[in-house]
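Can you build the whole structure from these sequences, using the hints too?
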Amino acid sequence: MKNEVMLKHAIELLQNVNPEELEIVQIDNTKYDDGSIGLNVSLTYPAKD
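Going by UniProt numbering, the sequence shown opens with residue 1, and the numbers climb by one from there.
Hints are computed from structural coordinates only; laboratory data are not their basis. Each residue gets a CB set at the ideal place from its N, CA and C atoms; glycine is no exception. Possibly wrong hints are sitting among the right ones.
Pair ranges (Cβ atoms, derived) [to be verified]:
1. G38 with V17: 17 to 23 Å
2. I24 with D49: 14 to 20 Å
3. K8 with D49: 33 to 39 Å
4. E12 with P46: 33 to 39 Å
Below is the structure:
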């Protein structure tokens, strides 16, 4: 259940981002041996001129 909640929040975050401004979007979802889970959303914007 926690995984679904985290993914829902990630989707909400991404819906508020202008994709035209982004260079890279990286989403990592990790399940660990102890049963814990991790979600990492990384947004990279290009350097300003």
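Results of checking the hints against the structure:
1. G38 with V17: 17 to 23 Å: holds, 21 Å
2. I24 with D49: 14 to 20 Å: With a Cβ separation near 18 Å, I24 and D49 satisfy 14 to 20 Å, so the hint holds.
3. K8 with D49: 33 to 39 Å: Between K8 and D49, where Cβ atoms are some 36 Å apart, the hint holds.
4. E12 with P46: 33 to 39 Å: violated, 24 Å
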